[in-house]
Amino acid sequence: MLSRRAALMVGAGLAAAPVLVQAARAEGSMDTSAAAPADLSSLPRIRHELAIPPLVHDHEQVASTGPRIVEFTMDIIEKEIQVADDAYLQAMTFNGSIPGPMMVVHENDYVELTLRNPATNTMQHNIDFHAATGALGGGALTLINPGEQTVLRFKATRAGVFTYHCAPGGPMIPWHVVSGMSGTIMVLPREGLKDVAGNPVAYDRVIYIGENDFYIPKDADGAYMRFADAGESYPDTLEVMNKLIPTHVVFNGRVGALTGDNALTAKQGERVLFVHNQANRDTRPHLIGGHGDLVWEEGKFHNTPRVDLETWFIRGGSSGAALYKFLQPGLYAYVNHNLIEAANLGATAHIKVEGEWNNDLMEQVLAPSPYAGT
Amino acid sequence: MKISVATLVLISLGAMLPTTQPPQRYGGPELVTVPAGGWSYRPAGTWRQDGRPVDPPLQRLSAATPLAIMRHQVSRGDYAACVADGACLPAEPGVPDEPQTGVSWHDATAYAAWLSEETGATWRLPTDAEWQRAAAERFTDDALGTKALTDRWLTRYARESEAGIDPVLRPRGGWGENTKGVADLAGNVWEWTEDCVVTGTIGPDGQPSGRDEFCGARIVEGPHRAVVIDFVRDARAGGCASGVPPEYLGFRLVRED
Ligand SMILES: [Cu+2]
Numbered sequence: 001m002l003s004r005r006a007a008l009m010v011g012a013g014l015a016a017a018p019v020l021v022q023a024a025r026a027e028g029s030m031d032t033s034a035a036a037p038a039d040l041s042s043l044p045r046i047r048h049e050l051a052i053p054p055l056v057h058d059h060e061q062v063a064s065t066g067p068r069i070v071e072f073t074m075d076i077i078e079k080e081i082q083v084a085d086d087a088y089l090q091a092m093t094f095n096g097s098i099p100g101p102m103m104v105v106h107e108n109d110y111v112e113l114t115l116r117n118p119a120t121n122t123m124q125h126n127i128d129f130h131a132a133t134g135a136l137g138g139g140a141l142t143l144i145n146p147g148e149q150t151v152l153r154f155k156a157t158r159a160g161v162f163t164y165h166c167a168p169g170g171p172m173i174p175w176h177v178v179s180g181m182s183g184t185i186m187v188l189p190r191e192g193l194k195d196v197a198g199n200p201v202a203y204d205r206v207i208y209i210g211e212n213d214f215y216i217p218k219d220a221d222g223a224y225m226r227f228a229d230a231g232e233s234y235p236d237t238l239e240v241m242n243k244l245i246p247t248h249v250v251f252n253g254r255v256g257a258l259t260g261d262n263a264l265t266a267k268q269g270e271r272v273l274f275v276h277n278q279a280n281r282d283t284r285p286h287l288i289g290g291h292g293d294l295v296w297e298e299g300k301f302h303n304t305p306r307v308d309l310e311t312w313f314i315r316g317g318s319s320g321a322a323l324y325k326f327l328q329p330g331l332y333a334y335v336n337h338n339l340i341e342a343a344n345l346g347a348t349a350h351i352k353v354e355g356e357w358n359n360d361l362m363e364q365v366l367a368p369s370p371y372a373g374t
Numbered sequence: 001m002k003i004s005v006a007t008l009v010l011i012s013l014g015a016m017l018p019t020t021q022p023p024q025r026y027g028g029p030e031l032v033t034v035p036a037g038g039w040s041y042r043p044a045g046t047w048r049q050d051g052r053p054v055d056p057p058l059q060r061l062s063a064a065t066p067l068a069i070m071r072h073q074v075s076r077g078d079y080a081a082c083v084a085d086g087a088c089l090p091a092e093p094g095v096p097d098e099p100q101t102g103v104s105w106h107d108a109t110a111y112a113a114w115l116s117e118e119t120g121a122t123w124r125l126p127t128d129a130e131w132q133r134a135a136a137e138r139f140t141d142d143a144l145g146t147k148a149l150t151d152r153w154l155t156r157y158a159r160e161s162e163a164g165i166d167p168v169l170r171p172r173g174g175w176g177e178n179t180k181g182v183a184d185l186a187g188n189v190w191e192w193t194e195d196c197v198v199t200g201t202i203g204p205d206g207q208p209s210g211r212d213e214f215c216g217a218r219i220v221e222g223p224h225r226a227v228v229i230d231f232v233r234d235a236r237a238g239g240c241a242s243g244v245p246p247e248y249l250g251f252r253l254v255r256e257d
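Protein chains in written order, with this note's numbering: chain V, 1 to 374; chain Y, 1 to 257.
Bear in mind the hints are in silico, worked out from the structure with no lab data behind them.
Glycine is no exception: its CB is placed at the ideal position from the N, C-alpha and C atoms.
Treat each hint with caution, since some may be false.
[What the hints assert, rightly or not] Below, a sample of chain V positions facing chain Y; criterion: calculated Cβ distance under 10 angstroms:
#, residue
1, A140
2, N145
3, G169
4, P171
5, V240
6, V365
7, P368
8, A372
9, G373
All chains should be built: construct the whole structure from the sequences, respecting the hints.
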């Protein structure tokens, strides 16, 4: 069908042009609207290298300093990925991972993101931060062609876990999102998280789950179609998307990304903050065998967390957070509790927990054995 | 593909008028000849001066040769012949006399290649400058006249929203002709052009000092100018970054003489 090679070559040609980088830098000075420039020269800067999900870069839970400018760099990567044994996706990604990497800052820090669209890509991309104020979440200031980069700075004025996603205009928006372009930024209160009574609570680590609904077309024989590039996949994918029935609902980019050899691990007594992002579709995480001790269902930390939840609701287009202390060893399943999506479409993660069994919490009083009933 | 304004004019100057009409399997599309001469041209794209968005200057272009452009947009009937020949992908069905809508830039260029093969002449999409030349008073200048970013967004949005475009498709000729005799310009069917998306800089003298192109999206012309990804066939759900999207996507071709 239509080859995207022509566009690729043009993109490669753009890389040689220094003009674009200069223009982007100038815009990066944030004198974007001829308005008075913000003087942030006195603020300290810190730079974090992003981690690959489900991991999150090292960070403080309670801020030890005043507000800072926190620098991140993300490269947008278009590439084919395998999402199941028999299915491939022409994916678009922030920094090569699905979900995009988690950024962690504190309330009133300034997020300064360098976003780069390598010349080897074929499409325009941008970033819309639900945590940011104005300019379509930054989307209107960050649309970049292959071979361009841009720097966006915004003040993280609200605490919580927030979705970010690509939003390059019109029908490209949902397509880029369901091709993998979404992730979470976590804005912690400077004093850290608090429980219902307002007492500080800490986590031992974060497990970052990005849930995606994929819409992969099938050919006449019912086999998943594979495409030469993203543009070629668009018409057939759009047809599947518009029926709203995903072919795959997965955690972290593919069926089995967080199970089997890739299963997550924890220790008894460990407090894990599960951060769950779904940029496009509602979901309902449930930890089989465990609970949500403290759940910020809407993901915003200045709301009182809910306690003892069995299942919590993540609105499409948001991130939520649930803190749980593992009390028993063994295997746990973290699922989207639409169980068809969990078991048949892929939305399952497993957590292997080490420790000593607690018979007070649960005991097998009688192992399954025959009985003489009629 | 890069075409500077200078090159564009040179191409026009270097072209020669054919002495005979090429053989045609059918009557061939009706053409309008826009005479040699000058016209004003507003470049498309995002232009910045000292990092701030600005309008590119209005330029004066001239061509020593006439421009042969289809009087009407390619109709469903025209396009169906290409589909029947297996050279074009099927697109939105409908009345043969209506413009062919629901076509991507790739569909349009496939049709141009097929028509060139059929007629022995060279057909292609017009450049944005050529479209403005043929459209004359039907071209909507999109200069915003302000440097403040917020005002630029809101002005553009307001202009596009106020246009109040009739969503009903009209048969060919339904939008009338402009002063050049070209029909249905800037009705409700936007037309693909050859032009890629431009990011440019304006120097201290107010003139373009640098430009670069991204060809995964192309300029479409209609009641307002827009940028559409080349494989998109229906931009109604969006298309301009955050403005009002083109109602329909169609095209007309120019013949290189
Ligand atoms: Cu994107």
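- Query: Which hint numbers doesn't this structure obey?
  - Reply: The structure conflicts with hints 5, 6, 7, 8, 9, although it agrees with all the remaining ones.
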